[in-house]
Amino acid sequence: MQRQGFRCLLWEGGELEAPARPPGAFLAPPSPRIFTDLTKAMSQGGASQFQEVIRQELELSVKKELEKILITAPSPEFEHTKKDLDGFRKLFHRFLQEKGPSVDWGKIQRPPEDSIQPYEKIKARGLPDNISSVLNKLVVVKLNGGLGTSMGCKGPKSLIGVRNENTFLDLTVQQIEHLNKTYNTDVPLVLMNSFNTDEDTKKILQKYSHCRVKIYTFNQSRYPRINKESLLPVAKDVSYSGENTEAWYPPGHGDIYASFYNSGLLDIFIGEGKEYIFVSNIDNLGATVDLYILNHLMNPPNGKPCEFVMEVTNKTRADVKGGTLTQYEGKLRLVEIAQVPKAHVDEFKSVSKFKIFNTNNLWISLAAVKRLQEQNAIDMEIIVNPKTLDGGLNVIQLETAVGAAIKSFENSLGINVPRSRFLPVKTTSDLLLVMSNLYSLNAGSLTMSEKREFPTVPLVKLGSSFTKVQDYLRRFESIPDMLELDHLTVSGDVTFGKNVSLKGTVIIIANHGDRIDIPPGAVLENKIVSGNLRILDH
Numbered sequence: 001m002q003r004q005g006f007r008c009l010l011w012e013g014g015e016l017e018a019p020a021r022p023p024g025a026f027l028a029p030p031s032p033r034i035f036t037d038l039t040k041a042m043s044q045g046g047a048s049q050f051q052e053v054i055r056q057e058l059e060l061s062v063k064k065e066l067e068k069i070l071i072t073a074p075s076p077e078f079e080h081t082k083k084d085l086d087g088f089r090k091l092f093h094r095f096l097q098e099k100g101p102s103v104d105w106g107k108i109q110r111p112p113e114d115s116i117q118p119y120e121k122i123k124a125r126g127l128p129d130n131i132s133s134v135l136n137k138l139v140v141v142k143l144n145g146g147l148g149t150s151m152g153c154k155g156p157k158s159l160i161g162v163r164n165e166n167t168f169l170d171l172t173v174q175q176i177e178h179l180n181k182t183y184n185t186d187v188p189l190v191l192m193n194s195f196n197t198d199e200d201t202k203k204i205l206q207k208y209s210h211c212r213v214k215i216y217t218f219n220q221s222r223y224p225r226i227n228k229e230s231l232l233p234v235a236k237d238v239s240y241s242g243e244n245t246e247a248w249y250p251p252g253h254g255d256i257y258a259s260f261y262n263s264g265l266l267d268i269f270i271g272e273g274k275e276y277i278f279v280s281n282i283d284n285l286g287a288t289v290d291l292y293i294l295n296h297l298m299n300p301p302n303g304k305p306c307e308f309v310m311e312v313t314n315k316t317r318a319d320v321k322g323g324t325l326t327q328y329e330g331k332l333r334l335v336e337i338a339q340v341p342k343a344h345v346d347e348f349k350s351v352s353k354f355k356i357f358n359t360n361n362l363w364i365s366l367a368a369v370k371r372l373q374e375q376n377a378i379d380m381e382i383i384v385n386p387k388t389l390d391g392g393l394n395v396i397q398l399e400t401a402v403g404a405a406i407k408s409f410e411n412s413l414g415i416n417v418p419r420s421r422f423l424p425v426k427t428t429s430d431l432l433l434v435m436s437n438l439y440s441l442n443a444g445s446l447t448m449s450e451k452r453e454f455p456t457v458p459l460v461k462l463g464s465s466f467t468k469v470q471d472y473l474r475r476f477e478s479i480p481d482m483l484e485l486d487h488l489t490v491s492g493d494v495t496f497g498k499n500v501s502l503k504g505t506v507i508i509i510a511n512h513g514d515r516i517d518i519p520p521g522a523v524l525e526n527k528i529v530s531g532n533l534r535i536l537d538h
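Count the sequence shown with the numbering used here and you get residues 1 to 538, in order.
Misleading hints may appear alongside valid ones.
Label-pair restraints from in silico Cβ distances [to be verified]: (1) 499 <-> 104: 53 to 61 Å; (2) 126 <-> 181: 20 to 28 Å; (3) 387 <-> 501: 37 to 45 Å; (4) 182 <-> 499: 30 to 38 Å; (5) 128 <-> 391: 53 to 61 Å; (6) 353 <-> 206: 48 to 56 Å.
Keep in mind the hints are simulated off the structure, nothing from the lab. Beta carbons: idealized from backbone N, C-alpha and C, even for Gly.
Throw the hints in and build the complete structure from the sequences for me.
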């Protein structure tokens, strides 16, 4: 949803047009005082004054609502709640100030050659003898705020089993423990939870108490959703149960900078001599600690420290909507599809013009985060995310994305990494890939099987009958052999027996009312299967 901004236009007849709003939004009822202010503004003939009065009145209304919410906070939660609501007020203020598209398409340029380095060049530098001391400067941060609801699971997404009954969190801990044991280091793991995931995650963490990994957690902010019409908070108090269950939201992973700083962990790690965080989504199984990138940061070839590295990878036609790195007003800038004017969306999707996209694997200087946070200088575009609550109320939530801050850091760099470092599990189609023999598992890390003759990942599309993890697991007696698969489409009521092998392009379509059971041991190579096929026990 593109932020339209508030604007005020004069009709030819001299009358003022009502200020424009986000689509479908209406201003809160004005107070009596505003009429005096508006009359004054209009008598002075100033469209900008009129616009400013409207903004100020709305900000005042929101401030009053937030103060009502804050006084309901229990004493132990008061300071934390105050920080959250102050953060929201700043974001809301920016939301009202910004006008029109956040980027001028005419200013977008391809990044200079040296601003996006090929991974092969980084790797060619090799590793120093003191790699252990380099690793000891690192903190791994995983974004752990999401729920598994899109895959039909309750609780944190990180607790879904993805391989040999290991969850995303299990694999992450195994990876870092392997690093610490191999190099005799102390790389900590930090989880950025949300209020949706914090309690369940902390219960699970007890099982890692004997692992050689120090695990820390901190929470994202909790911001109030706002009514799309009045632009006032939906919440009436700080609770998030009962009628307030849907009144709050975690404001996107761009909140990491403020929340990490406010948690006190940033200063603790700086005090321990840590210098960089490696940030990634916990559901990206390709986002492991890369020693070559870390060495490049710790020992920059030109002696000039790099404050922010974004891992990018080459686009395929499946990635055309992914954010891309551009040169904008002399700095690297992440541009998302939501920021692109409609007339240029096709150009943005072009694989030939914008060849890479953001993996959200980020390496960021701790000292730089501290400096910019204290200067209030981290600039991220606001993402306006419309939602409809269960009761039918239309709301919007204001969010930011962690990668958008790249333009605020000095000497930022993109590194074009192999596709293997981008292995997200967003759907059961992705889950089928990582559970299959396409990958081997070693110390928590997945690598493409050497038996696969070509390095590309098959395109897999499972239909709605497979959306929920429970249904998906029930439909496979065992995961098929997919080493020679290029493309799989499955639609309708389909089940797979044990030891099925899929090769080339396989399309299986069970129409409404039909059912297809792929028999045990079946080999399907470049086949289309449709109609009814049932194997009955006798």
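Cross-check of the supplied hints:
Checked against the given bound of 53 to 61 Å, the beta carbons of residue 499 and residue 104, roughly 57 Å apart, stay inside it. At about 23 Å, the CB distance of residue 126 to residue 181 agrees with the hint of 20 to 28 Å. For the hinted restraint 37 to 45 Å between residue 387 and residue 501, the CB-CB distance of approximately 43 Å keeps it satisfied. Between residue 182 and residue 499 the Cβ separation comes to about 36 Å, which falls inside the hinted range of 30 to 38 Å.
At about 59 Å, the beta-carbon gap between residue 128 and residue 391 stays in the expected band of 53 to 61 Å. In this structure, residue 353 and residue 206 meet the distance hint of 48 to 56 Å, their C-beta atoms being roughly 50 Å apart.
Violated hints for the displayed structure: none, as all numbered hints are satisfied.
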